[in-house]
Amino acid sequence: MLAQLIIHLCFGTALAVAIGYWIGTIQRKEAPTTVARALYYVLVLLVMSASAILLVAIATHNFDFTYVQAYSSRQLEPPFLYAAFYSGQEGSFLLWTLLVSIVGIAVIEYSRPRGIEAETMAFYSLVLVFLSLMLVAKNPFAYLWETFARDGTTREFIEAIKGDPTRYEGRGLNPVLQNYWIMIHPPMLFTGFAAMTAPFAFAMAGLWRRQYHEWTRLAQPWIVAAVLVLGIGITLGGLWAYETLGWGGFWAWDPVENSSLVPWLLATALLHTTLVQRRTKGLIRTNFVLAIAAFGAVLYSTFLTRSGVLGDTSVHSFVEPGFFVYVLLLVFLLSFLGLGFGLVFLRWRDIGKHAVRRGMFALSSREFLLSIGSVLLLLSAAIVLLGTSYPIVAELIGKPKAAIEPRFYNELHLPLIAAILIVNGLSLIAVWSQTPPVRLAKGIGIAGSAGIVAAAAGLAIGIIPNWQAALAIVAAAIALTINGQHILRLLRTRKPMALGAFISHVGLAILVIGIVQFAWTSTTMHLRLVEGVPSLASGYTFTLLGKEQLEKHLRDREKYRYIIAVEKNGVERYAYPVVYYSDFNKRQAPFLEPGIVSTLSHDVYLAPKALDVEEHSPAVTLAKGQVARIPVDTSATIELLRFDMSRAQMSDIPGALMLGATVRLHTTSTTVDTTLYTYFHEQSFVPKKTVVGDLVFELIRIERNQSNPERSTATIRFGTVTSPPSPPRQVLVLDASLKPMINLVWFGFIVLLSGVLLSTVRAFSTHHFQSKNVQVQVHHSNQSIGPPQSAVESHPAHSLPKR
Amino acid sequence: MKARYLIGAIALIAALSGSVYLLSQSQVQYATISEARTLGRKVQIKGRWDVAAESSYDQNRNLFRFVLIDDQGNRIPVEYQGAKPNNFELAHSVVVRGRVEGDHFHATEILTKCPSKYEGSSPMTPRTE
Numbered sequence: 001m002l003a004q005l006i007i008h009l010c011f012g013t014a015l016a017v018a019i020g021y022w023i024g025t026i027q028r029k030e031a032p033t034t035v036a037r038a039l040y041y042v043l044v045l046l047v048m049s050a051s052a053i054l055l056v057a058i059a060t061h062n063f064d065f066t067y068v069q070a071y072s073s074r075q076l077e078p079p080f081l082y083a084a085f086y087s088g089q090e091g092s093f094l095l096w097t098l099l100v101s102i103v104g105i106a107v108i109e110y111s112r113p114r115g116i117e118a119e120t121m122a123f124y125s126l127v128l129v130f131l132s133l134m135l136v137a138k139n140p141f142a143y144l145w146e147t148f149a150r151d152g153t154t155r156e157f158i159e160a161i162k163g164d165p166t167r168y169e170g171r172g173l174n175p176v177l178q179n180y181w182i183m184i185h186p187p188m189l190f191t192g193f194a195a196m197t198a199p200f201a202f203a204m205a206g207l208w209r210r211q212y213h214e215w216t217r218l219a220q221p222w223i224v225a226a227v228l229v230l231g232i233g234i235t236l237g238g239l240w241a242y243e244t245l246g247w248g249g250f251w252a253w254d255p256v257e258n259s260s261l262v263p264w265l266l267a268t269a270l271l272h273t274t275l276v277q278r279r280t281k282g283l284i285r286t287n288f289v290l291a292i293a294a295f296g297a298v299l300y301s302t303f304l305t306r307s308g309v310l311g312d313t314s315v316h317s318f319v320e321p322g323f324f325v326y327v328l329l330l331v332f333l334l335s336f337l338g339l340g341f342g343l344v345f346l347r348w349r350d351i352g353k354h355a356v357r358r359g360m361f362a363l364s365s366r367e368f369l370l371s372i373g374s375v376l377l378l379l380s381a382a383i384v385l386l387g388t389s390y391p392i393v394a395e396l397i398g399k400p401k402a403a404i405e406p407r408f409y410n411e412l413h414l415p416l417i418a419a420i421l422i423v424n425g426l427s428l429i430a431v432w433s434q435t436p437p438v439r440l441a442k443g444i445g446i447a448g449s450a451g452i453v454a455a456a457a458g459l460a461i462g463i464i465p466n467w468q469a470a471l472a473i474v475a476a477a478i479a480l481t482i483n484g485q486h487i488l489r490l491l492r493t494r495k496p497m498a499l500g501a502f503i504s505h506v507g508l509a510i511l512v513i514g515i516v517q518f519a520w521t522s523t524t525m526h527l528r529l530v531e532g533v534p535s536l537a538s539g540y541t542f543t544l545l546g547k548e549q550l551e552k553h554l555r556d557r558e559k560y561r562y563i564i565a566v567e568k569n570g571v572e573r574y575a576y577p578v579v580y581y582s583d584f585n586k587r588q589a590p591f592l593e594p595g596i597v598s599t600l601s602h603d604v605y606l607a608p609k610a611l612d613v614e615e616h617s618p619a620v621t622l623a624k625g626q627v628a629r630i631p632v633d634t635s636a637t638i639e640l641l642r643f644d645m646s647r648a649q650m651s652d653i654p655g656a657l658m659l660g661a662t663v664r665l666h667t668t669s670t671t672v673d674t675t676l677y678t679y680f681h682e683q684s685f686v687p688k689k690t691v692v693g694d695l696v697f698e699l700i701r702i703e704r705n706q707s708n709p710e711r712s713t714a715t716i717r718f719g720t721v722t723s724p725p726s727p728p729r730q731v732l733v734l735d736a737s738l739k740p741m742i743n744l745v746w747f748g749f750i751v752l753l754s755g756v757l758l759s760t761v762r763a764f765s766t767h768h769f770q771s772k773n774v775q776v777q778v779h780h781s782n783q784s785i786g787p788p789q790s791a792v793e794s795h796p797a798h799s800l801p802k803r
Numbered sequence: 001m002k003a004r005y006l007i008g009a010i011a012l013i014a015a016l017s018g019s020v021y022l023l024s025q026s027q028v029q030y031a032t033i034s035e036a037r038t039l040g041r042k043v044q045i046k047g048r049w050d051v052a053a054e055s056s057y058d059q060n061r062n063l064f065r066f067v068l069i070d071d072q073g074n075r076i077p078v079e080y081q082g083a084k085p086n087n088f089e090l091a092h093s094v095v096v097r098g099r100v101e102g103d104h105f106h107a108t109e110i111l112t113k114c115p116s117k118y119e120g121s122s123p124m125t126p127r128t129e
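Each protein sequence line maps, in turn, to chains A and B.
Note that our numbering numbers the first sequence so that position 322 is 322, with each residue one more than the last.
Note that our numbering numbers the second sequence so that position 61 is 61, with each residue one more than the last.
Just to be clear, a hint being listed does not mean it is correct.
The calculated lysine-lysine pairs, modelled on DSS-like cross-linking and capped at a C-alpha distance of 25 Å, are [said to hold, decoys possible]:
#: 1; chain 1: A; residue 1: 547; chain 2: B; residue 2: 84
#: 2; chain 1: A; residue 1: 401; chain 2: B; residue 2: 42
#: 3; chain 1: A; residue 1: 586; chain 2: A; residue 2: 568
Facing chain A, according to a computed beta carbon distance under 8 Å, are these residues of chain B, among others [to be verified]:
#: 4; residue: 9
#: 5; residue: 21
#: 6; residue: 22
#: 7; residue: 23
#: 8; residue: 28
#: 9; residue: 40
#: 10; residue: 44
#: 11; residue: 52
#: 12; residue: 59
#: 13; residue: 79
#: 14; residue: 88
Source of the hints: derived by calculation from the structure; they are not laboratory data.
C-beta: ideal position from N, C-alpha, C; glycine also.
Okay, chain A solo, but in the shape it has when bound (with noise of 0.2 Å):
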C-alpha cells in the first residue's frame, strides 16, 4: 500500500516541480524556484525510495507483487536478482525515473549559477510528469490480487498458499537475461536517455528566453556526455548479442537496436552543428530542431519498443502493455514534439533577425562542410528511422504488412559511411570561413594518396572483396590520414585534453575497416561433432570431448557447458558452448550460447544448434505392432506390443519415471513376453537392462506421439553378454565460424568512445575553469597551429573572425 501511495505522490510531486518552476518561469521571481527546487528534491527522495522498496521485494522474494512474481524467483541469484529491477516494463520505468530524476540534480547545480534554472527546469520537469504519469498507469506494485483479479485471484488465496514455496514462488527471470550483460547494458542505455533530456531542456530554455546562442553553449558538454553514454550502452547491447545470444554478429539491424542508434546518431549530429553555431552564429533554427529532435527521437524509440506496436519483427518483444499505456505513450512522444516544434515555429522570425553572418558557409568553409556532415548522419538516422518505422507506414498508408530485410540498411550506409568519412576528412583539412585554394589542395593530395596507397594494397592481399567495400576502404584511410595529421601536432603542441574529437574520428575510421573486413570475410560451416571424433573445417580440428554440468546448486536448470577442443598446427585451444534447460520454459527447448576461441586476428566462433546423441551399438526403433530382427542375432526377431506406463510413478529413482515397453521376443527356440524400462529423468533416458539369453536389451528411448498415440515408438539397443551395449556418445550440431577482425570493430568502437570519453571530460572541465588566462592561451595557439582546434571551440567569441 505504502509502495502505491508513494508512486502517486510521485507523480503529484512532480506536477508540483514543474508547476513551480513555470511560474518562477513566468514571473521571473526567485521565491517560486526555490520551492520547485526543495520539491525536486523531495521527488528525487521519493523516486529513491520507491526503487528501494521494489529492489527489496525483489531481494526479499515478496510475490504478492506481480512484477516481483513475474520477473524473478527464490533460484535467482544476484546480481541477477537485481537486474529483475529493470527486466520488466513497470520497472525499466521507475528505473528511467529514477536516473532522470538523479541527473536533473546535476542539470540543477549547472543552470543555476548561470541563471537559466527556472527556465530549464521548467521544461525538464516536464518530462518526469510524464514519467511518474506513466508509473501510474504502469504500477510496479500492482498486487497480484489486483492484476489477475478476474482470473479469481483473491488476497486470501496468496496468503493461504504462503506458506507453500513450490505455489508461492516467481516464474523467474528470461534464461537469455541472465549474463553479466544484464547489469550493465540496460542501465546504461537509460543512463543515455536521461542525458538526452538536458539538451533538450538547455534548447527549450534558451528558446523561451530567446536567447538563441548561449544555450549551445551550455549544452555542449551534456550532448558529448549523452552520445558518449548512449554510445556504450549500444556498444554492450552488440558484445551482448555476440557473445552470449549467439546472433554472430554485433549489430542485426533489430528494431530495438535501431531506435537507440537513432537518438545517437541525431545527438552527434547536433554535437557537430552546435559546434558551427557556436563559431558562426549560423544554423539556429537547425540546431533547436535537431536537440528536439534528438529528444523526440528517445521517446520514439520507447514507443515503437514498449507500445507493442512492433510486436512481431523485434527479438527484444515485450508484453502487450495494454491500450491505455499505448495511447499514453503516443501523448508522450507527441506532446514533447508539439512543445518543442512548437515553440521554435513561434520564434521563427525573431531567430531570423539573429540569423548567420555574410560571408560565412563559403563551399570550401569548415562550417559548410560539417553542415554536409551532419546533413548524412540525418540521412543515416532517416534511413534507420523510415526501415524501422515501416511496418507502421505500411499500416497507415494501406500497404500489405512487410518486415524490412537487413540488407536495406547495409547496402544504403556503405556508401554513405564512405561519405561521411571523406567530408570529415575535408572538414579538418579546410578552415573556418573560407579555405585557401592551396592548403585544401595540398590537404587533399596528401589524403588522397594514403587513400589509394590504402586500396591498392588492400586489392593486392586481397582483402577488399569489391568496389564498394574498396571506396569505404579508401574514405577511412583518408579519414585516418588527416585525423592523424591533427593528433600528431595536438600532441607536439601538448594539448592532450584537445585529441578527443579526433581520437573519436579515428575510431570510426577503424571501425569502418573492421565491419567491411568482417562483413565480407567471415565465414561459416555446418558441423556435426561426435564426442571424440575430430572434424575438420577451414584448417581447423574440431573434437568435442564432453561436456560437464554448470550451477549444478541451482534447482531450476540443467546447465551444461560443452568442451571443443580447436587444434590448428599444433596449438590448442578450447572452446566452451552452453546449453542448458531451465524451468523457465518448463526445459521444454535448450537455451543456447556459442563458444568463442578469440585470437588477434580473428574469432573461431561456435554457434550450437541442434544436440543428439549416437548409437554406438545396434538399435532399432518401433511403432505398436511392428516387428524386427535383431540385429545382434538376426535369426530372432522383436515386436512392440504396447507401452506399459503402470510403473511410472514406482521409480527406485527418486524423481524420474519409470516408463516401459512389453516385447515379444522371438527366437528359434522360444517366445517370450517381457518388460523392457527406461527412467526418465530431466530430459533425459537412463535405460535399465534386461537379460534374455544370451542377448541384453536396453530401451533408451520412447518417443510419445501426443496427436496420435498409435504413432508413438520405442527404441530399443542390442548387444550380448559377451559383448554387452555400449552407451551412446554426445552429438553436438553447431555452426562454426571464421570471423576475422572481429577484433578491429571492438577496437574501432572503444577508440571512437574514448575519444568521446576525452571530449566530454574536457568539456566539463573547461566549464568550470573559465579563467581568462586558459582562454588567451588558447586563442594564441589558435593561430600557431593553423586550422582552429577544438580547442577553442566552447569560446566563439573570443576566436570568431572580426568583422
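Here the structure of chain A is known, so what remains is to put chain B in place on it, guided by the hints.
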C-alpha cells in the same frame, strides 16, 4: 546561395528516393500460402507447425523439414536450411521467410513466437478443475 540550396535539395531528394526504392526492394511481405505460390518471390508466412505431420532434421545436409499450416488452414511442406529452431515445440506460431520452390517452401529464416507470460496456468492463480 540559391543555386547551392537547389543542388543540395536535389542531392537530398535523390538520396531519399534511392532509399525509398531500396526499401521497396528489401521488404518481405506477409502472405498466405496461396499468395506465396502465386507471387513466387520472397515472402513471409505466419502460421503454425502441423504437429500431426512428420517433421525431421537431416543432420548431414543440415535440413529441417516440417509442414506449415497458415491462418487460412492451407498446408505446405517447409524445408529450412538449418537446425530446428530452439523454441520450435513451444511456439504457438511460427513465421517462415523464404520462397516457394516447386511443391515446397524453401525457408531462409524461421521466427518462433512463444506464448506470452500470462498464458497458461501460473502457480499463483487458483486452479480451475
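Status of the hints after comparison with the structure:
1. 547/A <-> 84/B: Status holds; Cα separation ~21 Å.
2. 401/A <-> 42/B: holds (14 Å)
3. 586/A <-> 568/A: violated (40 Å)
4. 9: violated (11 Å)
5. 21: violated (10 Å)
6. 22: holds (6 Å)
7. 23: holds (6 Å)
8. 28: Holds - the Cβ of residue 28/B comes within 8 Å of chain A, reaching about 5 Å at its closest.
9. 40: Not OK, violated: residue 40/B not within 8 Å of chain A, min 16 Å.
10. 44: holds (6 Å)
11. 52: Where the cut-off is 8 Å and the nearest Cβ of chain A is about 5 Å from residue 52/B, the hint holds.
12. 59: At 5 Å from the nearest chain A Cβ, residue 59/B passes the 8 Å test, so the hint holds.
13. 79: violated (15 Å)
14. 88: With a closest approach of 7 Å, the residue 88/B hint holds.
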